[in-house]
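Visitor: Chains as they are written, first to last, in the working numbering: chain S, 5 to 477; chain D, 88 to 403.
Just so you know, not all the hints are guaranteed correct.
What the hints assert, rightly or not - Just some of the chain S residues that point at chain D, by a computed CB distance under 10 Å:
| id | residue |
| --- | --- |
| 1 | V77 |
| 2 | S233 |
| 3 | Q244 |
| 4 | V250 |
| 5 | F284 |
| 6 | P348 |
| 7 | I383 |
To be verified - Over the 12 Å line for every Cβ pair with chain D, so calculated as not near, a few chain S residues:
| id | residue |
| --- | --- |
| 8 | G141 |
| 9 | G217 |
| 10 | G229 |
| 11 | A242 |
| 12 | G269 |
It is worth saying that the hints were derived from the structure and are not from the lab. Every residue gets a Cβ at the ideal spot worked out from N, C-alpha and C, and that includes glycine.
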Amino acid sequence: MANPSSIYDEMNSADGTVRSHYAGYKKWLAETPPERIAQKRAEADLVFHRVGITFAVYGEESGKERLIPFDIVPRIIPAQEWKQLAAGLRQRVKALNMFLNDVYHDQEIIKAGHMPAEQILSNSQYRPEMQGVDVPGGIYAHIAGVDVVRAGAGEFYVLEDNLRVPSGVSYMLEDRRMMMRLFPELFSRYRVAPVEHYPDMLLTNLRAVAPAGVIDPTVVVLTPGAYNSAYFEHAFLAQQMGVELVEGQDLFVRDEHLYMRTTQGPQRVDVIYRRIDDDFLDPLAFRPDSMLGVPGLLQVYRDGHVTLANAIGTGVADDKSIYPYVPDMIRFYLGEEPLLNNVPTFMCRKPDDLAYVLSHLDELVVKETHGAGGYGMLIGPRATKEEIERFRQLIIDTPERYIAQPTLALSACPTFVDAGIAPRHIDLRPFVLSGKDINMVPGGLTRVALREGSLVVNSSQGGGTKDTWILEI
Amino acid sequence: MLSRTADHLYWMARYIERAENVARMLDVNYRMSMVPQAEGGIDAGWGATLSITGLEDAFRSKHSAATMEAVLEFMVFDGTNSCSIMSCLRMARENAHAVRGTITSEMWETTNDTWLKMRDYPRWKLAGSEIGEFFEWVKFRSHLSRGVTLGTMLRDEAFHFIRLGTFLERADATARFIDVKYHMLVDGAAPPDTAADYYQWSALLRSVSAFEVYRKVYRDLITPVKVAELLILNDQMPRSLRTSMVEVFENLNALSNYRSSETERRAGELQASLKFGRIEDVFARGLHEYLTQFIVRVIDLGNRVSEDFLVPMSSS
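Chain S on its own, in the form it takes in the complex (with noise of 0.2 Å):
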């Protein structure tokens, strides 16, 4: 584990003066009452229930629902750094959508011997169905949420692409939205560059990726339901489209076609955005008992006349085992040095590898291959004795389920905790978009570690948001 004083602190630098671009809001945060900012918080939380902005913890009682809490105190990039960090972002989203349409077509990454085909082939993220499909553009990842860290100044790692179903794009737009009814002052002060615009932006994109010959595309926005832990994310962003939500019993396949029924008749659907993962997508060629998705989907998929956004079988691209090689993805199919950092990772598949994360479990985070949500990781230097030789035995049943990586000495961010104001561990997924164009709103969500010295920022392990700030000057 890094030593504090070795943390780096996003407001403070290490002599103690304040960051210049925090420089505005520490001043403006020494000058306000706390009573005024203790009841701006009050509101917060208010607002937030009223509104229902809540999500679901699985394994709670069922129907259940949380608040995500809101931290005020926001994270503050410099113009300059989100540009570096931009930069980076879409190489990378640009190299993994390279990657994905190579996997299922000509497997050149394979044949150029830069990753092994068992990597590939025998991933169980690796769809066999989408072999030789095209799909519009060969645009596969049209959403993806990369979770970014850094490590110091102007020093970004990335943590993991996700390029299956990232959420968590509603909390940055409501964060913001918040943040500017409770402390309008602060953007007279500061030139923040704004995210409102990302539903547009999203619509856009998707419309561009319809099938072929399709003049004014149909885009529905496809949920699991009301009791997914989401569910607030995909009403809200089919609200902000001005497009139908749609759960697979409101779908049906007809005549190779896809079509809604609607109180007026069925009518033929182009896009779909879904929030479901492949698995359930299409009960006749996944899995059986699946009652989320529409049967007879995958074929009119294959046979191009709908498009899936993101499309099946991205998993392969965002798998921890495939991690590794994705700075070999960019050097190959750009031709271009990666500009954000990778973190080094140990493959237990490897005896090498093997051998040193099994001497140094007390030192490493160890990760599942397939995991998410911080659900099945180990934190080396915060796990007791028990949890240690646990993951021993479990990596040694099964190394190929497992990576490991150093801990990583992320940045923290002061936040209001019960204590006043102290630094926690945040990280930052920006959602990036590619269909005729790859783009971004400036910035993306801000997740942060509440509990002192957690460096799980996930919102089912109790993480927080907050607001992030890209500056425009």
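Chain S is fixed; fit chain D onto it per the hints.
Guide: Just chain D now, kept in the frame of chain S:
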């Protein structure tokens, strides 16, 4: 619009209206229970509220006698009773939740907030004198919900399905209100001769917010025939059968699709019979029989609306 979305909107509106009508019904009984009555009269009144809703059997399986406390517990808080105010507001909220992208944020917030407050409503408040305040609260949440609908919703399909749900539910409820009161009273055209009868009539009027309306329209003593005329045939009284059916008919017309013509015809026929009907004929036929027939026709319309618009259409 998605058939499922329409279904949620329609039921959201019906449940809000139903919660309001249950509150009105309980409120009027509560008021009546304070008026001196013959032995057993009070409990008979509470029993009658159960018969309106057709819930006597479900009630009897849980409670031995229809006392005020038992009926209130059953009709207000009992989550297993699908007609309790608790259940109605929960269902309204769940339906709204499923279509929160289609309704305005004000509508969602209103419905969600109503449910949150209902869920946490302190039960002890219903034991004391604050019970009237609770019924007022339910009514005002319903007023608020309707006001937010009128004040914020685009006049599109979604709006018409909401209004259709509201007025079909109201037509049904008002008809049952009149029926149960007439059941308890001697029928006839004579003015009520006892103070208790007078209170029964005025309570019925109050239960549909029509007491002042009656005075304004008739400037006369309260007679059963005129009360019935006001609540059935009057075209200006917002909770009358006629007003409700005019709204049902007009919203159906706005929603018309390729298979709904028979439903529209039946709604039009029912609406016309109220427009051109005479109260003398209603009484000649028998008020109870007339109302029973009316309720059957309203239920038929509800089923047909589900068939034509809401139930997923066959994909073949």
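Visitor: Take the hints in turn and mark each one as holding or not.
Guide: Now for the hints, and whether the structure bears them out:
1. V77: violated (27 Å)
2. S233: violated (14 Å)
3. Q244: holds (8 Å)
4. V250: Nearest chain D Cβ about 6 Å off; hint holds.
5. F284: Because about 18 Å separates F284 (chain S) from the closest Cβ in chain D, which is outside the 10 Å limit, the hint is violated.
6. P348: violated (43 Å)
7. I383: violated (36 Å)
8. G141: holds (28 Å)
9. G217: Holds, because the least Cβ-Cβ distance between G217 (chain S) and chain D comes to about 24 Å, which exceeds 12 Å.
10. G229: violated (8 Å)
11. A242: Violated: least Cβ distance 5 Å, not greater than 12 Å.
12. G269: Label violated. Min Cβ-Cβ 6 Å, cutoff 12 Å.
In this structure, the hints that do not hold are numbers 1, 2, 5, 6, 7, 10, 11 and 12, in rising order.
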